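The listed protein sequences derive, respectively, from chains A and B. Each residue of the first sequence is one higher than the one before, starting from 505 at the first, in the numbering used here. Each residue of the second sequence is one higher than the one before, starting from 15 at the first, in the numbering used here.
Please keep in mind that the hints were generated in silico from the structure rather than gathered at the bench. As the structure is a computational prediction, the values presented were derived from the model and not from experiment. Careful: at least some of the hints might be erroneous.
What the hints assert, rightly or not - Taking lysine to aspartate or glutamate and the EDC-like style, the derived pairs with C-alpha atoms no more than 16 Å apart in a straight line are: (1) LYS1110(A) <-> ASP1046(A); (2) LYS136(B) <-> GLU1022(A); (3) LYS1018(A) <-> GLU114(B); (4) LYS1208(A) <-> GLU1163(A); (5) LYS136(B) <-> GLU114(B); (6) LYS1215(A) <-> GLU1047(A); (7) LYS1160(A) <-> GLU201(B); (8) LYS1164(A) <-> ASP177(B); (9) LYS1074(A) <-> ASP1102(A); (10) LYS1018(A) <-> ASP123(B); (11) LYS1025(A) <-> ASP133(B); (12) LYS645(A) <-> ASP697(A); (13) LYS793(A) <-> GLU677(A); (14) LYS112(B) <-> ASP869(A); (15) LYS147(B) <-> GLU114(B).
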Amino acid sequence: MAKSKTEEDSYDSLRWRFDVNTFRLLGRELITDRITAVFELVKNCYDANSTYVNVEFQNIKTNFKEAKIIISDNGIGMSFEDIRDKWMVVGTNNKRVTLFTEPPFNRKFVGEKGIGRFAVDKLGERVLIRTKQIGSNKWLKININWDEYENKSLVSKGNNQLSLFTEIDNKYEWEIGEPDEHGTQIIISKISDSWDEKDLNWLYRELGKLVSPFYKIFPKFDIYLNALDFENFTNKQVIPEPTRFYSHHAEIGYDLVTNKQETLKFDKESGSLILEKVEIKSFGPIHLKMFYFNESAKRQYGKVYKNDETRIDGIKIYRDGIITTPFAESTATISKRRDILGIDKRRWQGTFDKVGTREIIGILDIKQSENPKIIDATNRQDFLDNQEYRDLKDFIILQLDAWGELKMYERESKRTLVEIKLLKAGKEVKYFSTELAKIENDLVKNKPDLKGVFDNINAQINELNTVISESISEQKKFQTEVTRKENIYLSLMSLQDYASNISHAIRTSLGKIKRMAEFFKINFPNAKYDVFFKQYANLIYDEMAVLLKVTDFMLSYASSDIDFEDFSIKELIEELLLENYSQTFKSEKINVIVEIKDDFIINANKKFFEDIFQNLIANSIKALQGINNKTIKCSGFLDDNNFTLYFSDNGNGVNKGDEKWIFGLYNTRTAEAGGAGIGLYIVEKRIEALRGTVELVENEIKPKGATFKIKLPFNKT
Amino acid sequence: MTNRNKIVLIHDGLIPKVDPLLIELQMKFGADQVIHYENSNSGLEYVTNNLNQKIIVILDMNFSKGELSGLQVFKNIREITSLVYIILITADEVIKIKNEDLIFLINHDAFALESVTTDYSKIIELVEDASHKLDARIDAVLEDWIFKQPVEKRDDPYLKTKDGKTYTLNNILESIRQQTEIGKKMEKNILKLTIDLLSRKKTELDD
Chain A
505 MAKSKTEEDS YDSLRWRFDV NTFRLLGREL ITDRITAVFE LVKNCYDANS
555 TYVNVEFQNI KTNFKEAKII ISDNGIGMSF EDIRDKWMVV GTNNKRVTLF
605 TEPPFNRKFV GEKGIGRFAV DKLGERVLIR TKQIGSNKWL KININWDEYE
655 NKSLVSKGNN QLSLFTEIDN KYEWEIGEPD EHGTQIIISK ISDSWDEKDL
705 NWLYRELGKL VSPFYKIFPK FDIYLNALDF ENFTNKQVIP EPTRFYSHHA
755 EIGYDLVTNK QETLKFDKES GSLILEKVEI KSFGPIHLKM FYFNESAKRQ
805 YGKVYKNDET RIDGIKIYRD GIITTPFAES TATISKRRDI LGIDKRRWQG
855 TFDKVGTREI IGILDIKQSE NPKIIDATNR QDFLDNQEYR DLKDFIILQL
905 DAWGELKMYE RESKRTLVEI KLLKAGKEVK YFSTELAKIE NDLVKNKPDL
955 KGVFDNINAQ INELNTVISE SISEQKKFQT EVTRKENIYL SLMSLQDYAS
1005 NISHAIRTSL GKIKRMAEFF KINFPNAKYD VFFKQYANLI YDEMAVLLKV
1055 TDFMLSYASS DIDFEDFSIK ELIEELLLEN YSQTFKSEKI NVIVEIKDDF
1105 IINANKKFFE DIFQNLIANS IKALQGINNK TIKCSGFLDD NNFTLYFSDN
1155 GNGVNKGDEK WIFGLYNTRT AEAGGAGIGL YIVEKRIEAL RGTVELVENE
1205 IKPKGATFKI KLPFNKT
Chain B
15 MTNRNKIVLI HDGLIPKVDP LLIELQMKFG ADQVIHYENS NSGLEYVTNN
65 LNQKIIVILD MNFSKGELSG LQVFKNIREI TSLVYIILIT ADEVIKIKNE
115 DLIFLINHDA FALESVTTDY SKIIELVEDA SHKLDARIDA VLEDWIFKQP
165 VEKRDDPYLK TKDGKTYTLN NILESIRQQT EIGKKMEKNI LKLTIDLLSR
215 KKTELDD
């Protein structure tokens, strides 16, 4: 809150009330690196209707202590109230009253309110803001010193008042100016990190992404980069970098007269992408340019740009020529990049056949007037989740799937081309040797001394023949090896999902154990609590046993025998149910029925497959406690696309409403019978790794019981 | 003064009935004052149906599929009242919580955000802190005062607005707790009156 002083005071302080720790926490998350920080500040200049921005680095190389980063624009500037009520308030985006800036600019806001402070914090410890609105006769200058906040915060920590906000005074003063001057200058000093030429190049490139390379914006928005310490950065205008080295390129547009939108389609005949016309979609007409990088193009690109992976960065959406907020963020590392359009998420199912963000650069242009339903979400992380946006995402994925088909086609034809060439070579050698034999017959009759020469040639031909045969078999082996690796990779993919579940579950478990241990620590010995001590000792033991089970499962992925083999599902199930578990079933008095109609050979990790049945059986045994005529039934058959298995028991069944819940980690309704809620979780994860699905369906055996339906798809490759 | 603050734990990561956190809270605040719900939907239902009580909520962020998330419960409570203190517990790292959610929590007065592995003593300290704050609030002081009045007086018309509506003491208390227009107005007036009394050195309030 500001003190109740008027603008007329020439020197005073503005009070800023906030919690430094929260501030830093938020800032660190929002602004991950300094490139983003500058990017954010430049976006603010755009929102302020500037036509010109200068990003200047002073003394950055020569005298780092005195180094400054200065961002100046000729925008509308800020008033005293703007600084006090907007710049200094922890803002959420929805406070904006209008979505567009004043005419003639009519710019859609791209910056997030309140983010400027975080950006500045990332860049340096001190900032001086100089700002002036048109018509005012004074420049407002305000000093903000982050280092002082830290000190205050430490003091408040000492007082044990952690949750209290820190109140900070910021000095401000006024400076005489001409009435028609306007704009904002942010002067940052006590710079946090050093900047070298590489950083500046990266910044240059990122700033180039702010404006669509294929759209002229009016009024203009020119960005200049200045760093006198470096030769190449003297008043350098930022221009979007042209895309180079791609292997394929395609562009789709639309026609408003016929109301048609173009879309990509893979043509099997020609093995290339063609354009098709469809009705304009719910989200309105769009224009999309795509540059695809196949393996060799990626290699070349990598060579030229020194394997800088962030350059090929997927599809970005621009509105009226300016990057839309969800994309207006640069990330230093590829793993941190957010997958807004869900492009990489879908690769899960077909990692090697689908095109991901690291293989394509796309510029999607939309317009406020023609695509009004594509709305930035207030959190700036995405667009508003409405039907139109979902349709747009589907449409983009459709385009990428066309690229995916092209990718598969190219890979397949390359593979077969090598094989065909080898086989052809083999045939030619054979032909050559038969022809040679004919000549040999004729010649050696007349000139016996040539025999030695022919023997030599024949030996060489034989050798050549062997080499070619070996090559063919090597090539085949290599293909099998590739398929095997693809399989392993797929089974590991489910780990990602698993890791996030597991860390959550382990922390919950550890929390319980720790609280019980804490209880001992505080209260032991005390006869009053003996009943709890005893109970907790048991509970800690049980909880540890659960944790062990979870970690064992985790370790199964790390074991060295994560190998794939061909085996028959029919044989394996019969062996498991009728032989391996027969003793268990006998002692539990369980009647087992196995009806596997068809056979199906699967290439998978046998141990993982056994895990599925081991857990289903353990689950059934628990459900069958106290039941008469205990029965477990397993049936299986082949249909068009899947091998389908039903696994049933006539146990206590699953409560209505719990059908999906039971697959969650730690979710159990049989805690008393020793259920830890891990079994069905493992079942689901193992089946997912085989690209299959499992669900609880209506119980096969009446009147009660449970039936799991498992579907395993054929490997289409 | 007997403690009438209800402590509602909406948390599926606690050991039912015997979790040390529950036991220690019961020792401190009385067994009847501590209520534990494993299902977030039921927990929210309890809070919304008992707004005439002083409530401190300990709220887990993560629940099973089919149940409201902790954040959703938080939002639902805040839609009807800002007077319930809410301490959030998360099993994830704080850094994993979305910024927009953090901002929402800060701007809507989350009392604290703690990890599921935090010492329970710390949680109890936070509850005590919240409890003190609750007791010092207007509605709490008013409630204490109402309790001192004879039972029959509590439901007598006490206040009449310009448009003719009458309010009993209990009505006023409830309006403040639910932050209705009249409740907010009443709250302001009581504060003004207090300051007015203090400034005229009428410090002989009944304490």
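Return the numbers of the hints above that this structure violates; sort them in rising order. 1, 3, 5, 6, 7, 8, 10, 12, 13, 14 and 15
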